[in-house]
Each structure stands twice: as structure tokens, then as C-alpha cells.
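*Asks:* Below, each chain spelled out in residue letters.
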Amino acid sequence: MLEVSGFLINSSFAMLLLPLWVAVMIILNAAVPFVSSRKLTLNLSLGVSLIGIIFSVCALYFCLFSQNAAAENNLLWLNTGDLRVSLGTLVDGLSAVIMLFFSVIFFLVQVYSYGYVKEEKNFHRFFIFLNLLNFSLTGLILSSNLVQTVIFWELSGVFVYFLINYWYTKKSASDAAKKTYLINKIGDAALLLGVIGLIYFSVIFSSAENMILLSYSNLQFTAETLYSMVSGKTFLIIAMLPVFGAMTKCAQFPFHSWVVDATEAPAPVNAILQGVIPVATGGLLLMRLYPLFVLSTEVLAWLKIVGCISALVFAYVAMSQNNIKKIFAYSTASQLGLFFVALGIGAYTGAGYFLISHGVLKVLLVLTAGVVVCSMDNENDIKYWGGLRQSMPGVALIFLLGSGALSGLLFSGFCANTLLLANFYLQDNFIWTVVILFVFFMSAYYLFRVYFLVFEGEKSKIELKKVSNYMKCPLCFLVVISIAMAFCYKKVFASLVYFVSLEQVSLSDGGKVVMLFILLCAVYITFRLYMSPYSKFMLIKERVLNKENLLYKLSYNCFYIEEVNKFLLDKFLMKFCRFVDFIDKYIVNGVVVILGLTTRVFSYLVSKLQNGNVQSYLAYSVFILAAIMVVIVGIYLLGSLVGV
Amino acid sequence: MNILSILALIFSPAIAALLILSPVFPNNEIKIRRFAKTFGILHFIYSMLFLLFFNPTNFGWSYQKELTFLNTSWLKTLGVTATFGMDGISLVFVLLTSFLIMIALVASKSMIRTKHRIYYSLVLVLETAFLGVFCAKDIFLFLLFWELQLIPIYFLVSQWGDKTSSYSAMKYVVYTFVASMFMFLGMLVLYFYSFSISGVLTGDIESLSMSESVFALWFQAFIFFCLLLGFAVKIPIIPFHTAVAKAQVEAVTPVSMLMAGVLPVIGEYGIIRFNMGLFPEVFNYFAPILIIFGVVNIIYGACLALAQTDIKKITAYAGFVQTGFALIGLGALTELGFNGAVFQLVIAGLIISGLFMVTGVVYLRTKTREVSALGGLSQVMPICMCLGFIICFGAVGVPFTAGFIAKFMNLSGLILSDIEPQKFIVSMAVVSAIGLVLNACYILYLFHKTFFGSVLSQFKAESVQYDEDGNEITVVYPKRGITKSEIIVLSLLGIAIILFGIFPNALLDIFQVTSDVILDFMKV
Amino acid sequence: MSVIFNIGLYHYLILALILFCIGLWGVIACKDLIKVFLCVNLMMFSAALNYSAYAVYVDPEKINGVVVAIFIIVFGIINLVVSAALLISVFKYKKNLDVEKITDIKG
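Protein sequences appear in the order of chains B, U and F. If you read the first sequence in numbering that gives the first Met the number 0, its first letter stands for residue 0, the second for the next number, and so on. If you read the second sequence in numbering that gives the first Met the number 0, its first letter stands for residue 0, the second for the next number, and so on. If you read the third sequence in numbering that gives the first Met the number 0, its first letter stands for residue 0, the second for the next number, and so on.
These are computed hints drawn from the structure, not numbers from a lab. Backbone N, C-alpha and C fix where the C-beta goes; we use that ideal spot for every residue, glycine too. Heads up, a few of these hints could be off.
[To be verified] Some but not every residue of chain B turned toward chain U, in silico, with C-beta under 10 Å:
1) D81
2) V146
3) F161
4) G196
5) Y199
6) C576
7) D583
8) V587
9) V591
10) V592
[To be verified] Some chain U residues flagged as far from chain B (calculated, every beta-carbon gap over 10 Å):
11) T37
12) F52
13) I111
14) F154
15) V172
16) I196
17) Q378
18) M408
Between the sequences and the hints, there should be enough to build the whole structure, so can you do that?
*Replies:* Shown next as C-alpha cells:
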């Protein structure tokens, strides 16, 4: 078994290129008019994901039982000047775990997608870009060095752009795609700058010829060298820039709006955006660069602050939204904020587990919501829904389990939340503990609010459409995965994903009880608010949850962040651009025009002299000749006077 | 190799142009076009042979040859010879020129409707002028070909362009000519003062070098800036860009492609060959200015592009941004930056002519360039959109397109630079990274406004329109909104962009030794 | 008085200068083309006078100056002939010989 997995890992380049090959095959399949078959496309994509699963299981096995913890393959790609960029694969505990998560989720999402876009005209295009995304994310997860991460990081952004743009005739979809790409481009540029800064120091400090530039396996050493060589400020800047990159991909506070707008995309894309992308890009990068971050308390503090703001603000915002997709989008931002806080506090393993658990559960919930939205004829507003449990009990059950798990009552969500709480609590961080409990409370509130509004209560009048089984089966698998994850934390996860200098902790039973109690309180309050007309709660509902209340308005409009952004863009950036355009038109171009005009005016004046009268020409020339002679004679006379 | 004559490479387009113009040639549109196209392809293949037999580890000039008249040199008494040669950098640019001319000739099929005979011969004469600049080993020969470009460009812009294009062609020619007068002045001063020292009249570029010169720095700087002005207008560097932008916008698409693709390369080639090659000391001193120019090109160009509503103007300003990245690479004075600059120039030539081709295809069909009047073209011309997106993301700088490699190399070359103070370099890098984001903004703005959203009624394939006299005309789109020749052009450009993105060393290895030589020379 | 009546080189030169100035004034100021051409001839002959005066007073042995003077006279005659032909054709074309009305090369 070990030999088999060793062989597979050594051929991981093939693993990387397989999705690309499949994408090409699908293009060919789509191009041939009569033979093109949708089933073939699906089978090819599923096949490549299945190989990915096998590969990652082997990788996991290899990392658990092999003597050497990591296997690396590298290929020199770009060699010019001082720059020697390699592309390669690194299979260690972290990448094996995330690769397994990614390939399993991707497999299920592809099955779901088949059901989702079966009838679409552009069926093949969807799968082409899914496979290209698979390629870029595989390259990102397995990347052996930071430069490669940058490359695949940006590449994944492009394919995400095309996937969101799937319904490109819809203006909102194409605008959302543009926004997503541009916001992520900010992060890309920041990450690129940070990496270039790191390249600078690694080129200067290391003279070894054959070393892989910014290799992850060597990162600890690079970080420590860097820390000892440069000033604190420089180190801080270089370490902060990748954090900004991660913040955009993880939809943290100022960069969150793409994940909300991107809900225009098809549901499977949405699931990937909210569940898979943050794990495989931002989350992975933060965990990879953690050796760099732990050296600077400021970076850790920044992670905490950003995460805390996002967690609180977006959980609060999610509480009052009516669009089911937006609720999940804000929920994603909020939960990833918790991940940031956890990393900032030093809970490396716990944060990783939380991240992956959140990924699975968020994919589950978004896909479930997609099933419901599909059956409700693309109605997103949960106010028009209700009582769906009678007509689709299975989906209701899955949704209930999913919300329970994500809020921390069940399965892997419970494990993840307890892990976070333990880390906070044991580090004597009382304030943080309260904050995180508050976020848990709010999460439970908004998740169960959705459940109660959608599946319980009065039955809605909208006629239900039949949803294909391709869309329902993956949901069950996702629940199973979440359950399975709850059992494999200690034995598998914690022994693969760890940070040497940080110890791993677990929560006492008392803490677990407190947490469960708080979560159940939240569920109870939600139940009372939305399900039973109990007078005291109705009073609160009328007081707090009406459109006039400032707190409600802030939450409903997401603290007007979008408006502020728009204002800044319109009033500052576009004004500035128009100003530059004005300068260009009238000042820069004006100088040229004025120079030209002066020449023309002068030549006009001179041309007046040429009146066609030969005699006047003669007069001018006589006059000029006389003048020249006077000057010459004058100079001669002056010379003779001075005595030269 | 006897078959590889650099004289044949340079002058064969002019001879072909004469052939087209001669009364012997049939005055038949299709025959002229086919002849020019075939010639373009053959010429590109011929220039590829030069690459095939080129020895990239060769330090000096390859394929050197002198053009003699009756066994005497050209202007023998003045020490001026018509000697041509190629080093790695010239070769890369010659290949680019030959490729772009071929592309432009293919693209002309749907864009050019009148005066075919003169048009194709002018384009071919322009090719000779371009190639002569890259291969000239003598400053006066360089100058000759430099000025020779203006004549075909003037007629190409004014005769086949928009309504006001004759004004902008005149503006462009006068503007460029004034600047090149300064360049001429600088060259003359260089020529005579080097004579006053060495006692030998010579126009050979290498022997004019001022590396161990006795002249004062300010005097060298005077010549340096005279030359730089001439090159700056050609590139164009930002305060000197207005005439160029206008001419590029108003020219017909293949001519815009050539102007935006080759002229910046020529300008920066001049900087590399003259400002770097002849004044190493001064260049070391003034390199930060070049970086500032580059950053201004990026930010100012991006802001201008964001404020425009004319798709061709956006494209023209996009070209300035692309050349800005090459300028910062040149100014950084590192091997990485220098290689990045040359790489970026080649790629910018491909990318910008590709963008011009896309806007040209759109303009040809819709007869409008205003952003507000466009939209939803993805449904009428899907293939144009697909191919356009490759070029678009090349311009944005997505990995595995050549744009990414070029920008990455330039930025890291800048950071690795030894120029003091460090803070200046870092802030310039940060600003140009912001430029990367703005760059993505306007290019996506351009594509979204043109291709996405709901399709406007007048662009629907079946719609009936009325011309100025009120007669009914049916707008006929070719199948899938694009003709075969346009598909070939766009896909060739797209393939080149992706190819060099995946195998950057295929291009880099051609000129790395040459750039090593130039940079070693700079360090002395 | 002797200065006036002792005819020497300077007298010839001053006479030539006066003739030249009259000729120049005529060329610039006259409106009639015939007068203009006559004045051109006057200028030429003043130059011839200069040459012959120098030839007599400065270097009597050689006859270079006289040769030039004869050359000028011949040239003047040719000039008259050609200009007469031109004037006739201009008159045929324009119906007058007023210089101020013949401004076809106006810029």
C-alpha cells in the first residue's frame, strides 16, 4: 500500500495535469456536433475527481505511515536573471488533508452540477471551467513554493470569474463576476508584492544555486532568517501583504462584497465559492505561511482584529437578511472571521479543522438551498417560502442537520466549535471567549431562522418543481462526511496538521455543556420568535425587528458598507480619472496644440509678406542686404576702433 | 548560412512593395491581397530561419553584412557605412515585427476596402523601415530608417482612417519629426565630438560609446536627453503621448495594430541601444527618472483609460500602461528587470495589437465605438468574445499567459534593483502594483460593456436598420459574427500569448546573453 | 573747383552709384513693367560703368574690366530682347502691364 501511494505521489504532476486534459477533451466533445454527449462530459469530470480522491487517500495514508513526512517533486520553469521559479508538488500532512477535502467535495459538487445544468444550452462550458478550476486548485493545494501559489492563486480567480459569469447575458451575473475578479485582484496584487518582497530577501540572503525559490519545506528557515535580518517594520509589511491576499479570498471585512454579489452564480458555483475556495486559497495560504506570522505579534493581532470584526459584523448582518443565498454568503464571511481569530490566537490545528468543517457544511447548506430554490422556481426570498417540510421531508431533514452542525450542535461542527472555544478559554482570553460565544449564538440564530421560515410554518402557495436526484444524492454524502469528520479529528487530522511550537488542547466537558446551552438558547429564541405566537416574544419581534429600528436597518443594509464603497468609487476614483482625463485633454494636449498654433500664427504673419508683388520682395531683400552690410561694416569699424 | 542574408530580410518587403506598385502587376484586389499575404507569411518563415540558425550564446552581432554600392561603402568619406547585423534583442524584435506585419496583412482583408495597391505596398515599405531600425549598426543608417517610417505611417493613417484622420496623421508626423530632430541633433553632436577625440569619423554604434569618455557628465546628459526625447515620443512616454494616441485611435485597425505593436518596441529599442549602450554612466545616474516615467505611464494611462467612453481610446491607453511596465524594468538596471522589459515589449506588442483587433472587429460590425451604444455582443459574435478573452486576460496579466510573466519579472526586477534609496523603489513597486489592479479594471470594463448584458436590438442578426436616406438595409453578420481571417488573426495572437506564458524561456533564452553583455557594460 | 572738374575714378564711381540707385528705385517703385525692365538695364549698365572705370584707372595694362563691361552690354541687349518678348506675351495674357495687378504668386 505504501509503495502504491509512493508511486502515485511521485506521479503527482500527472494528477495536476489530468483536469486540464479532461477540460481539453470536453472542449473536443462539445465541438463535435453530433457525437457530443453530456453523459461523457460528466463521466470524464467525475473520473478525474475520483482519481483525485484516490490520490489524496493515498497521500493521506503516505503521510500517516511513511517515515518521511513530505514528498516533493519540482521542475524548473522560469529561469532568468536571479529568478529561478520552480513548479512542483509538495505532499505533506496539510496538503494531503486539504486535497482530500477538496477532491471529495469537488466530486459531489460535480454530480450536483450535472443535475443543476442538465437542461442548459451551455452545459459543456460549465464543466470545462469546473475542470479548469479543478486544475488550478489542485495546483494551488499541492504547490511546493510560494511563487507557484501566486500563479495558481490568480489562475483560480480567472476560472471563478468565468463560472460566476456562466449566465453572462444576465447583467447582474456578469457584474458580480467582474466585481469578484476585481476585488480578488486587489488581493492578488498584494500577495504578488509580498511574494516579490520575500523573493528579494531570499535572493539576497541565499546563494545556493539549486534551492527551490521560497519552498514551503524550507519556509521556517527563510522566515527566521528574514526576521533576524530585517527591521521589524519591513518584516511586518512583508508578512502583512499575503494576509491581505487571504482576506480578499476569505471575504473578510472590507473585501466581503464579492461573496454576497456572487450569489448570482449557479448554486454549485456558489457552494465552491463559499466552501472550497476559502479553504484551498486563503485558508491554505495562511496556514502555509504561519511560520512567518508567528514571528510577529502585530500580524497575529491584525488577524485577530480583522477576524473579529468580520465575525461579529457579518453574523449580525446575516440575522436580518431575507435572501437565502445572501444569508449564507454573510455566514461564510462571519465563520471565516472566526478562522482568522483562531489563527491569530494561535490555535493552528483547531483553526484548520474549523475551516474544513465549515467548508463541508457550507457546501452542504448552499447546495441544499440550491435544491430548494430550484424547486421554488428561482425564488430567493425566504419570506415567500414556508412549510416545505411536508412536501420535501428529506431535504428538510438534511437542512436541519446541516444547520445544526454548522451552528455547532452536531457532528463535525460541534467538534470544531469546541476546539475553538477550548483554545480561547485555555489561553485565559475571557473577552475573546465571550466574543466567540456571541458569534456562535448569532450563527445559531440565523441558521435556525432560515430553517423555521423555510421548512416550518404555513405552507407557501408556490408550486413545487421536481428536482433531479443528481442534486439530492450529494447532500446525503455530505452529511455522512460531516459525521465521519467528527470521529477522525484526533487520529488523523491532529497528527497531520499541526504546528510544532503550539500545543493542542481540548475542551473540558463543562465547557461543552456551556456551549451547547448557549446554542440551544439561540435555537429556542428563534423558535419562539418565528414559530409560536407567544406574546412576550412577539413584543420583542415587533419592537426590534421592524423596518424603522436603527439596529435592524444597519443589519439589513449591512452597515451601508456597499453604499460607502460605491460612494468612494464614484466620487473619488472616477472623479480622479475624469480629472486626469481633463488634464490630458486640455493641459497636456493643450501645450501641444498651443505650440502648433503659435507656429501657424507666425507662418500666417510671414505669409502676409508674400503678397505676390515682385517689387516688394525686391524691396525686402534690398533692405535686409543693406542691414547686413551695415552690421558688417559696423563690426569692422568697431573692431578698428578698439584696435583688434 | 549563405541563404540567410540580412539584406534580403530587410529589403525584400520594399522590393515586394515596388512589385505591387509596378504596372506589370495585375490591378486586381484579390491578387494584390493574396500576394501581400503570401509574402508576409513567407517573410515570417524566413525570419524564423534566422532564429533557427542563431547562436544564442554569441556575444556580439550575428549575420553581419554591409550594403555596398559598386564596391564602395555608403558615405565612405564620412565614415558612415550601411552595415546591418543582429544580436539577440534585435532578433527578437525582428521576429515580432515580421509576425505583426503578417498578422496585419491578414487582418486587412476585412478592414481595407479601397486603394488596395497603395495600401499593401505602404505596409510592406513600413516593414522595411521597421526591420532597418532593428538591424542598423550605424547611427545614420538607424536615423534613415527611423525617419522612413513616417512616410508610410502618414499615408496609412490619413488615407484609410476616420474622417478627421488626416489631421491626426499630420499632427503625429510633425510631432514625431520635431522630436526626432532633437535626436538627430544629439546624434550629430555625438558623431562630431567622438571624431574630435578619436580622430576617426565613424558612425558605428559600438565605437561611439561614451563609457570611458572624457566629456563632462552634463554634456553627456545633454546628448542623452536629446536622444531620449526622440525615443520618448515614439514609445510614447506620457507627457508626449497625445499625438500618438490620437493617431492610433483614428487609424484603420491593422495600422493601429502596427502602430501600437511595433512603435513602442522601436522606441524602447532605441533606449536600449543608444541610451544604455552609449551612456552607461549617465544612464546609471538617470535610471530613477525612467522608473518614474514608467510608473506615470501605468497610473496615468490607467486613469485615462478608465475615464474614456471610446473603446479604441481605452485600447490605446492600455498600450501605454503595458509599455510603462517595460520602462520600470529598464530603469531597474537589474538583469531580471531588463529581461522582463524586453519580454514585456514583445508581449505588449502581441497583446495590444490583439486588443485593437478585437475593438476593430467590433467597430466594423457595429459602426460605433461609444461604450454606451454597445452591449450584449456575446450573443452575436461569440467566437470574437472567446478569443478576445484570451487576449484580455493576457493584458490583465493572468498566470500562464505571457502578460503575467512579463509583469512579474518587471516588478521583481524593480524590487531587486540596487538603486538608492530603497524607499523610492519600494514605493514605486507599490504604486505599480496598484496599477495592476487599475489595469484589470478598465480592461474588464471594456469587455463587459462590449460583450455582456442583454443584446441591444440593433445588433441582433436579423434586425432591420435604416441608413441615412431612410432606405431599409439589413445588417448582415458573417456566420457567428466573425470572418475566417479575423479568427486566424485573433487565434494566432492568442496562441502566442499562451505559448510564451507556459514556456517563457523559449523567448527569454534568445536574448539573455545579449542582455548580460549590455548590463555588464553598464556596470563598468 | 578742381575737385569737381578734375575727373577721376571717384567721379565715375559716384555716377555709377547714382545711376544704380535710380535704377533700384525704379525697379522697386515703378508700376509699369517696361519702366521696370529699363531700370534693370540701368542698374546693369551702372555696374558696367564701374567695371570700365576700374579698368581704366586701376589696372590700365590688363583689359579684364573692359571685357566684363562688354559682356554686360551684350547680356543687357539679350535681356532686353527676351524681356520684350516676355512683356508682349504677358500683355497678351493680362491686357495690361501694371506690376501691382500681376500678383499670381501671392502666398
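*Asks:* Hint by hint, note whether the structure agrees.
*Replies:* Outcome of the hint check:
At a threshold of 10 Å, the smallest CB-CB gap from D81 of chain B to chain U is about 6 Å, leaving the interface hint in force. For V146 of chain B, the interface hint holds, since its Cβ comes within 10 Å of a Cβ in chain U; the closest pair sits about 8 Å apart. Residue-level restraint check for F161 of chain B holds (minimum Cβ-Cβ distance to chain U is 8 Å; threshold 10 Å). A cut of 10 Å between beta carbons decides the hint on G196 of chain B: the least distance to chain U is about 7 Å, and the hint holds.
Restraint check, Y199 of chain B versus chain U: the minimum CB separation of about 5 Å is within 10 Å; hint holds. Look at C576 of chain B: its Cβ gets to within about 4 Å of chain U, closer than 10 Å, so that hint holds up. Proximity of D583 of chain B to chain U holds as hinted, the smallest CB-CB distance being about 6 Å (cut-off 10 Å). The restraint placing V587 of chain B at the interface with chain U holds, with a minimum CB-CB distance near 6 Å, inside the 10 Å limit.
The beta carbon of V591 of chain B comes within 5 Å of a beta carbon in chain U, closer than 10 Å, and the hint placing it at the interface holds. This hint holds: V592 of chain B has a C-beta 9 Å from the nearest C-beta of chain U, less than the 10 Å allowed. Its beta-carbon lying about 29 Å from the closest one in chain B, T37 of chain U satisfies the requirement of being farther than 10 Å from that chain. Taking the minimum C-beta to C-beta distance to chain B, about 23 Å, the non-interface status of F52 of chain U holds against the 10 Å cut.
In this structure I111 of chain U is separated from chain B by more than 10 Å, as the shortest Cβ-Cβ distance comes to about 29 Å. With a cut of 10 Å on Cβ distances, F154 of chain U stays outside the contact zone with chain B, its closest approach being about 21 Å. Every CB of chain B is more than 10 Å from the CB of V172 of chain U (nearest about 12 Å), matching its label as outside the interface. For I196 of chain U, the requirement that its beta carbon stay farther than 10 Å from each beta carbon of chain B is met, with the minimum near 32 Å.
In this structure Q378 of chain U is not separated from chain B by more than 10 Å, as the shortest Cβ-Cβ distance comes to only about 7 Å. At the 10 Å boundary, the C-beta of M408 of chain U falls inside the reach of chain B, the nearest C-beta of that chain being 7 Å off.
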